[in-house]
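Work out the full structure, taking the sequences as your base and the hints as a guide.
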Amino acid sequence: MTFTIEPILTLGANREMYWPDDWTNVTVDGKRTAQFEHTLLVTETGVEVLTARLENSPGGPIPIPEGSK
0 MTFTIEPILT LGANREMYWP DDWTNVTVDG KRTAQFEHTL LVTETGVEVL TARLENSPGG
60 PIPIPEGSK
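Just so we're aligned, residue 0 is where the sequence shown starts under numbering that gives the first Met the number 0, counting upward by one.
Hints were generated in silico from the structure; no laboratory data involved.
Across the chosen pairs, the derived CB separations fall in these ranges:
no., residue 1, residue 2, range
1, 16, 66, 45 to 55 Å
2, 0, 34, 20 to 30 Å
3, 45, 25, 30 to 40 Å
4, 0, 65, 19 to 29 Å
Bear in mind that the values here come from a model prediction, so they are computed numbers and not experimental data.
Just so you know, even glycine gets a beta-carbon here, dropped at the ideal spot from N, CA and C.
Below, the structure written as structure tokens:
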């Protein structure tokens with residue numbers, strides 16, 4: 000199974016509005032925001048962060064400890 004975690008951090012209001020392109024969204028007060036995502040692969044033996052692929056990036060398989068299934 001794969002899924003993504005997509006946090007959005009904002010210094011502004013928690014309300015948003017979309018631009019006419021129906022894709023770009025901004026806070027109603029125009030403050031700075033940031034959005035990023037990670038895609039995770041969950042298997043019977045652990046979790047792998049598929050988007051962590053640089054040599055110095057954390058990631059790779061994370062085994063599930065025995066007895067936690």
